[in-house]
Amino acid sequence: MFAQAIDLHRVLPELIWCAFGVLVMFLQPFVRSRRFFTFLALLGSLAGTAGAATAFLHGGPAFQGLVQSDSFTFFFRLLVGSVSFLVVLAAGPYLDREKLPIAEFYALLFFATAGMGVLASAQELLTAFIGLEMSSISSYVLAGYRRDSLRSSESAMKYFLLGSFATAFFLYGIALVYGATGTTLLDKMALSDGTSTLLKLGLALILIGLGFKVAAAPFQVWTPDVYEGAPTPVTALFSAGPKAAAFALLLRIFATVPAATRYWFWAFWVLAVLTMFAGNLGALVQTNMKRLLAYSSIAHAGYILVAFAAVTSMAQGGSEEAAPAYAAVLFYLLSYALVKLGAFTIVSQLGGTGEKNLSMDDYAGLSERQPFVAAMLSIYLLSLLGLPVTAGFFGKFYIFKAAVNSHLISLAVLMAINSVIGAYYYLRVIVVMYMRESSAEAVAAGPVPFPIGVNAVLLITFVGTILFGVYPNPVINFILRPSLLGH
Amino acid sequence: MLSGGHLLSVLIFFPVVGAAALMMLRGDDDKFIRSIAMLVSVAEFLFSLLLLRGVPIGSSGYQLEESAKWITAPPIHYHLGVDGISMFLVLLTTFLTPISVWASWQSIQHRAKEFFVMLLLLEVGVVGVFLSLDLFLFFLFWELMLIPMAFLIGIWGHERRVYAAVKFVLYTMTGSILMLVGIIWLYNATGTFDLPTIQQMLTNGQLVLGSRPEMLLFLAFFVAFAIKVPVFPLHTWLPDAHVEAPTAGSVMLAGVLLKLGTYGMMRFCLPLFPEASHRAARWVAVLAIIGIIYGALVSMVQPNLKKLVAYSSVSHLGFVVLGIFAFHHISMQGAVFQMLAHGVSTGALFLLVGMLYDRRHTFEISEFGGLSTPIPKLAAFFLFVALSSLGLPLLNGFVGEFLILLGTYQRHWGWAAWAALGVILSACYLLWSYQRVFFGDISSEKNRTLVDVSAREHWILATMAVVILWMGIASPFITRRTAAATQTVMDQVEPQWAYEAARRVQAKPQPKNVSSSAAQTRIERLGIR
Numbered sequence: 001m002f003a004q005a006i007d008l009h010r011v012l013p014e015l016i017w018c019a020f021g022v023l024v025m026f027l028q029p030f031v032r033s034r035r036f037f038t039f040l041a042l043l044g045s046l047a048g049t050a051g052a053a054t055a056f057l058h059g060g061p062a063f064q065g066l067v068q069s070d071s072f073t074f075f076f077r078l079l080v081g082s083v084s085f086l087v088v089l090a091a092g093p094y095l096d097r098e099k100l101p102i103a104e105f106y107a108l109l110f111f112a113t114a115g116m117g118v119l120a121s122a123q124e125l126l127t128a129f130i131g132l133e134m135s136s137i138s139s140y141v142l143a144g145y146r147r148d149s150l151r152s153s154e155s156a157m158k159y160f161l162l163g164s165f166a167t168a169f170f171l172y173g174i175a176l177v178y179g180a181t182g183t184t185l186l187d188k189m190a191l192s193d194g195t196s197t198l199l200k201l202g203l204a205l206i207l208i209g210l211g212f213k214v215a216a217a218p219f220q221v222w223t224p225d226v227y228e229g230a231p232t233p234v235t236a237l238f239s240a241g242p243k244a245a246a247f248a249l250l251l252r253i254f255a256t257v258p259a260a261t262r263y264w265f266w267a268f269w270v271l272a273v274l275t276m277f278a279g280n281l282g283a284l285v286q287t288n289m290k291r292l293l294a295y296s297s298i299a300h301a302g303y304i305l306v307a308f309a310a311v312t313s314m315a316q317g318g319s320e321e322a323a324p325a326y327a328a329v330l331f332y333l334l335s336y337a338l339v340k341l342g343a344f345t346i347v348s349q350l351g352g353t354g355e356k357n358l359s360m361d362d363y364a365g366l367s368e369r370q371p372f373v374a375a376m377l378s379i380y381l382l383s384l385l386g387l388p389v390t391a392g393f394f395g396k397f398y399i400f401k402a403a404v405n406s407h408l409i410s411l412a413v414l415m416a417i418n419s420v421i422g423a424y425y426y427l428r429v430i431v432v433m434y435m436r437e438s439s440a441e442a443v444a445a446g447p448v449p450f451p452i453g454v455n456a457v458l459l460i461t462f463v464g465t466i467l468f469g470v471y472p473n474p475v476i477n478f479i480l481r482p483s484l485l486g487h
Numbered sequence: 001m002l003s004g005g006h007l008l009s010v011l012i013f014f015p016v017v018g019a020a021a022l023m024m025l026r027g028d029d030d031k032f033i034r035s036i037a038m039l040v041s042v043a044e045f046l047f048s049l050l051l052l053r054g055v056p057i058g059s060s061g062y063q064l065e066e067s068a069k070w071i072t073a074p075p076i077h078y079h080l081g082v083d084g085i086s087m088f089l090v091l092l093t094t095f096l097t098p099i100s101v102w103a104s105w106q107s108i109q110h111r112a113k114e115f116f117v118m119l120l121l122l123e124v125g126v127v128g129v130f131l132s133l134d135l136f137l138f139f140l141f142w143e144l145m146l147i148p149m150a151f152l153i154g155i156w157g158h159e160r161r162v163y164a165a166v167k168f169v170l171y172t173m174t175g176s177i178l179m180l181v182g183i184i185w186l187y188n189a190t191g192t193f194d195l196p197t198i199q200q201m202l203t204n205g206q207l208v209l210g211s212r213p214e215m216l217l218f219l220a221f222f223v224a225f226a227i228k229v230p231v232f233p234l235h236t237w238l239p240d241a242h243v244e245a246p247t248a249g250s251v252m253l254a255g256v257l258l259k260l261g262t263y264g265m266m267r268f269c270l271p272l273f274p275e276a277s278h279r280a281a282r283w284v285a286v287l288a289i290i291g292i293i294y295g296a297l298v299s300m301v302q303p304n305l306k307k308l309v310a311y312s313s314v315s316h317l318g319f320v321v322l323g324i325f326a327f328h329h330i331s332m333q334g335a336v337f338q339m340l341a342h343g344v345s346t347g348a349l350f351l352l353v354g355m356l357y358d359r360r361h362t363f364e365i366s367e368f369g370g371l372s373t374p375i376p377k378l379a380a381f382f383l384f385v386a387l388s389s390l391g392l393p394l395l396n397g398f399v400g401e402f403l404i405l406l407g408t409y410q411r412h413w414g415w416a417a418w419a420a421l422g423v424i425l426s427a428c429y430l431l432w433s434y435q436r437v438f439f440g441d442i443s444s445e446k447n448r449t450l451v452d453v454s455a456r457e458h459w460i461l462a463t464m465a466v467v468i469l470w471m472g473i474a475s476p477f478i479t480r481r482t483a484a485a486t487q488t489v490m491d492q493v494e495p496q497w498a499y500e501a502a503r504r505v506q507a508k509p510q511p512k513n514v515s516s517s518a519a520q521t522r523i524e525r526l527g528i529r
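Protein sequence lines correspond, in order, to chains A and B.
Numbering of the first sequence is given in this note's numbering, commencing with residue 1 and proceeding in unit increments.
Numbering of the second sequence is given in this note's numbering, commencing with residue 1 and proceeding in unit increments.
Don't take each hint at face value.
Here chain B is said to cover these stretches of chain A; the calculated rule only asks that three of the stretch's residues, wherever they fall, bring their Cβ under 8 Å from a Cβ of chain B [claimed, not checked]:
{"id": "1", "region": "31-42"}
{"id": "2", "region": "106-116"}
{"id": "3", "region": "419-430"}
One-sided excerpt, in silico: chain B residues whose CB lies under 10 Å from chain A [unchecked claim]:
{"id": "4", "residue": "T72"}
{"id": "5", "residue": "V286"}
{"id": "6", "residue": "Q487"}
A few chain A residues that don't get close to chain B, going by computed Cβ distances all over 12 Å [stated by the list, open to error]:
{"id": "7", "residue": "D96"}
{"id": "8", "residue": "E133"}
{"id": "9", "residue": "K200"}
Please keep in mind that the hints were generated in silico from the structure rather than gathered at the bench.
All of these numbers come straight from a predicted model, not from anything done at the bench.
No residue lacks a Cβ here, since even glycine has one placed at the ideal position from N, Cα and C.
Could you put together the complete structure from these sequences and hints?
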């Protein structure tokens, strides 16, 4: 069986990303200009994102149903493509500052993005596994990209060991599911009756594997260390890209396979509660900005899992009414990616050479020294907090709505409590920036320069955050389309 | 098409324009910044006066409505409207904002631009809350107003400002997030966020909430509002926030923000959940009475003058809550009036306390004493405002408290009896503190050389005094305009009661009514049915 042209069309973005990855690696020995690679990388990520649009226009299953190109896939390809575009913009100045090789970084970024694209479009478990591995292995390397830094190496090592362990769970789960149903295609699995213990066990293992990737408690322990040690633009990528892709796959599996939806409501309920509390309570005592944002990432994964609980509780009666709950997940991932990219970019830039200034004390009096940056970071934090006129507010609102809609009032209340706990540590950063005096050294050092690439990231994420916070209609209408769910 | 133009939108967004203009300015020309802020807030006040023309006397329902589709899924509308209650609260807000700007003329030197931006944004949030008729929009403004207030406390406040600001935000947010869950629940039951539509569904019987869900929904809303008011056990954020806030912040906080809670009870709790309101009324009244007495007693023993005024708010707002939950149209009228009166009087008290602080940099009563000799004018104004706050007839505080007690007495004489204790206590703590601050010998040498009110302070205080007096004398101007709106609330919460009351008066006038027929005619002249 040979690939038809239309099949290739439907995986165009992944092909483009891979091609650019290879091209960058190929050109690396010959071209010295760092700027050239940055432009190439920007071009590549844009081209891939544009490719997502054509793949969407020629949508449908590809490669005998291994991959599905529908609007759901389109949304996630757009998301991971934009994430990688923004990460390139932010990483250029960072790599220059840290004097790190530039081409390999972009190549790895491309492979990771392609992996996420595969993960989001996979309609079959082994294809999903390939996507997962592609993105994970690139991520392991990226986490340790600052080779001379002990923390970075530790981060890579930890991520690699625990990540491989989780991937093994995922793979074993696939094997068991295959044993139970005789297929790895999701739509065929949907037809199986789903009463066998083997299938349940397999799905549990898959859930554990993906739970690790999205940092759901109790599989979240790696997150703060890895996020802290990795170069900050990579952390930005981790918090936005792979997480979204893993959630995409989770949504596909646990929303389309009836066997999965029927039994897993309580699993998601418990996961959501554990994750929210683990993230928020952990964040309360952090003084390092990267760790604080890492814990906040965990908490936000918990909020998304609330929507998952809503999806799985509703999909029992048919998925038409579950559409708002899916939409809640998608919208949340979008708003969250925007905000986290913006916040981590600021943290990365303020960190200074060698990422020395990451403690919250370094942010004291930032509003006096760099009012613009302080205001931006405040907006991002308020969006994470879920205050109106930011995208984060609507994200949270849709999740609340999904939860209440499924009569999960207790879960909604637990989420509300967590939001308030979260408010405390986000506000603490704002308080430090606005209500404390700068240290003498910080004033002496003068304002940290913000190069144009970084400013572009801030502008894009800021505009997105406010725009979707005031007028979410285009996004929400798109993700509520019936075709989005593929059935 | 809805008539009335876009006055309400203008009222909400005009300060945004002003704030944006301020942000464009260079930060070092404080004088120009102050003037612009003053200009914007005065213009906003003048705009809001147009509301008086837009809301005809005696008309029930919402006026000057604006409605536009905003978000499609779920259907959320940009729906604004005003009635007698919200009109005066908006007027109060737009009146106190220029006063706050004016009061901050000298005292705010540090980051003046941001200060006035925050003050104007606060006004946006508050006016938005009062004018929203869509639950979602209401919630949006409700949350939005938190951040400017937190910054006002946290940046320009006194020593423990950060603690107070964070406490303020966390308290309010706890309540409001639960309210969001409640709002969404209500949406699930009705399919709309539109307040008038939901009310209509309730009256038609299209929407019937079970008794337990109704109670839970009631609590979700009530707790959020009770934190804001604040009702007794949830009040602990208030003294901190008040004491640490700058003068303008305290004025806005006491004058307007606390009213958001009582306004919310009137606008949402009672009409949307009448059954639950009735069941909860007894407990709410107990809390309100505890608040009245407890607030007064704590005020009495306060060594800190600003804290004393803060606790007096707990006591006075207790009256408002009691008036609302007595379910009598007279007490409801009184509650609205008391909200306005308290806003002006307590605002003025905070201004005066702030002026004392500007001179002595302390709030401790023991540091003062005999101040009427060096600063007689300020002392005179203080006495005038204190008397209005304790409810001296002819001044504004009297009308509200009297109506509340009168209405409450008709329904539950026991509640009124306990609450009346608060009137006595408020006279005690205000006069006693006045005596300790202004009379007697000058105990501290520093107090001998204090300067009396400047021309600016003189004008601010005179304005407040005129309004206080005007509200006391010309109270029918307000009560006539709020009568229809409070009657609507009463009809929604207790239709059968109004009917029964009318019938009882017609059938056999009770002796009590005969003896108070003079009062009855007076009440009718006040515009209360």
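Problem set entry | Numbers of unmet hints, in rising order | 1, 2, 5, 6
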